[in-house]
Each structure stands twice: as C-alpha cells, then as structure tokens.
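> Line order of the protein sequences matches chains A and B. Counting in the working numbering, the final residue of the first sequence is number 116, and the numbers go up one at a time with none missing. Counting in the working numbering, the final residue of the second sequence is number 116, and the numbers go up one at a time with none missing.
Incorrect hints may appear among the rest.
Said to hold, decoys possible - Computed list of lysine-lysine pairs in DSS-like fashion (alpha-carbon distance at most 25 Å, straight line): (1) B:Lys-58 with B:Lys-71; (2) B:Lys-12 with A:Lys-103; (3) B:Lys-54 with B:Lys-71; (4) A:Lys-6 with A:Lys-83; (5) B:Lys-12 with A:Lys-46; (6) B:Lys-54 with A:Lys-103; (7) A:Lys-46 with A:Lys-83; (8) A:Lys-49 with A:Lys-83; (9) A:Lys-103 with A:Lys-46; (10) B:Lys-12 with B:Lys-58; (11) A:Lys-49 with A:Lys-103; (12) A:Lys-6 with A:Lys-49; (13) A:Lys-49 with B:Lys-58; (14) B:Lys-58 with A:Lys-6; (15) B:Lys-12 with A:Lys-49.
Just so you know, the hints here were simulated from the structure itself, not pulled from any lab data.
So the chains spell out like this:
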Amino acid sequence: RKEVEQDPGPFNVPEGATVAFNCTYSNSASQSFFWYRQDCRKEPKLLMSVYSSGNEDGRFTAQLNRASQYISLLIRDSKLSDSATYLCVVNAPNFGNEKLTFGTGTRLTIIP
Amino acid sequence: DAGITQSPRHKVTETGTPVTLRCHQTENHRYMYWYRQDPGHGLRLIHYSYGVKDTDKGEVSDGYSVSRSKTEDFLLTLESATSSQTSVYFCAISESRGTNTGELFFGEGSRLTVL
C-alpha cells in the first residue's frame, strides 16, 4: 500500500460547481497534513495546511479524519483558475526524524 | 515569491556523463532539499541539507551526491547519468524542519533528459 494515495483524476468540472477529493495515508503516526497546488509544468506551492478541526480559506475547505486516515479538499464555486493538480502531503515521524510524503496528485480541470 | 533559482532549467545529456544542477536561494533559509518528480510517483526526496556542509540522504539517493559550501547554494551531482535519472528536479527550501513544517518553497524545476 502506498504511504499516501490520491485519485489521479482527471476531474473535469463545470465552472461554478463544487468539487471534492480525498487523500488516504497509511501511517497512523502521521502528524501534519497539507494540500499543495501545482500548475502544469510549474513548481508546487502550498495551498493550505489541514488542521484536526478542519479549516477553511475562502472557497477552500480542508478536513482531516484521523480514524479513517484520510484528508479531503473541497472547492466551492470553482473558477477556471482552479485548474491544476492538487498534491496531498503528509508529515510523519521517521526514526527520530521526519518525513514528508507527497501523493501523486489529483488533476482538476474546470470547464467553462 | 521565494527567491530560489535553479540552473540549468533544461538539459539533455548522454548516458555516462556527469551532470550538476545548481540551486541558489536569497532567503537565507537553513534547510534545502532536492526532489525528483516522475509520472506515477509523488515528489521524492533525493538529499537534503540542514546547514553548510551538513547533508543527509533522502529516499532515492543512489546515484546522486550533493554539496553545500555556502548557505545560499545547494548542488546536486549525477556522477554518471543514467536514463532512469531522466526526470524533473525541484529544489526546495524551508525555514525550519519539524513535524509541523509543511511549507516548502520550490524552485521552478530543472528538466533533465538522459539519452
């Protein structure tokens, strides 16, 4: 089982719709969670951290379910500019150090 | 945007030749990282540095070496490039490293093709 798994998509969604995708992680000791956004042929950039109580940033809502070991990202009122690949990132302790594991990403295309 | 510059941005080389990728930062961040990104895989850590002359291996370090002689520069060297090292390489920096650290700032990437 992969440490971090995401549905690769693509998700093709009409403008204005709501879209959600999940990411599952295998290490129950994982301590922090993030969503990054990567535009085509560009570098990843932090979109938002995911807090235990869930958190919102404008049209974006992130949630964490520790019992089922998944995090989710919800995008409301989607815009054309939301088209990108969304990377799930999990930080877990690793032999006294830490390890950031990136998912392979979920590709989202917003259709006019 | 964080001041991170990677060079070269694109390179085509032949199997067996040495290749060096450079990452230069102007943020004075302590931690620097080299990742590779390939289809079907998430970003994978090659090596990282936690200070001048202090480096450590990541999960895919075989065939790669690094050096950091100055805070601002982190070099990745492929001593003898192989086709399996064809990839997009990203440099990243961060201010701190701890279990709550999630914000890495990435460079624009270096696309390497080994023929």
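> All hints are to be evaluated individually against the structure, with a verdict given for each.
Against the structure, the hints:
1. In summary, the hint linking B:Lys-58 to B:Lys-71 is supported, as the alpha carbons are separated by about 19 Å, within the 25 Å threshold.
2. For the hint linking B:Lys-12 to A:Lys-103, the alpha-carbon distance of about 29 Å lies beyond 25 Å, and the restraint is violated.
3. A distance of roughly 8 Å separates the Cα atoms of B:Lys-54 and B:Lys-71; the hinted pair therefore holds under the 25 Å criterion.
4. With a C-alpha separation of about 31 Å, the suggested pairing of A:Lys-6 with A:Lys-83 is violated against the 25 Å cut-off.
5. Using a Cα cut-off of 25 Å, the hinted pair B:Lys-12 and A:Lys-46 holds, with the two alpha carbons roughly 17 Å apart.
6. Restraint check: the Cα-Cα separation between B:Lys-54 and A:Lys-103 comes to about 21 Å, which is no more than 25 Å; the hinted pair holds.
7. Annotation: proposed proximity of A:Lys-46 to A:Lys-83 holds, straight-line Cα distance about 19 Å (limit 25 Å).
8. With a C-alpha separation of about 18 Å, the suggested pair A:Lys-49 and A:Lys-83 falls inside the 25 Å cut-off, and the hint holds.
9. A hinted pair counts as satisfied when its Cα atoms are at most 25 Å apart, and A:Lys-103 with A:Lys-46 qualifies at roughly 23 Å.
10. Distance check on the hinted pair: B:Lys-12 and B:Lys-58 sit about 24 Å apart at the alpha-carbon level, within 25 Å; holds.
11. For the hint pairing A:Lys-49 with A:Lys-103, the CA-to-CA distance comes to about 18 Å; that is within 25 Å, so the pair holds.
12. Simply put, A:Lys-6 and A:Lys-49 have alpha-carbon atoms about 23 Å apart, close enough for the 25 Å limit, and the pair holds.
13. With a C-alpha separation of about 23 Å, the suggested pairing of A:Lys-49 with B:Lys-58 holds against the 25 Å cut-off.
14. Distance restraint check for B:Lys-58 and A:Lys-6: the Cα-Cα separation of roughly 21 Å lies within the 25 Å cut-off, and the hinted pair is therefore satisfied.
15. Distance restraint check for B:Lys-12 and A:Lys-49: the Cα-Cα separation of roughly 24 Å lies within the 25 Å cut-off, and the hinted pair is therefore satisfied.
When each numbered hint is compared with the structure, violations occur for hints 2, 4.
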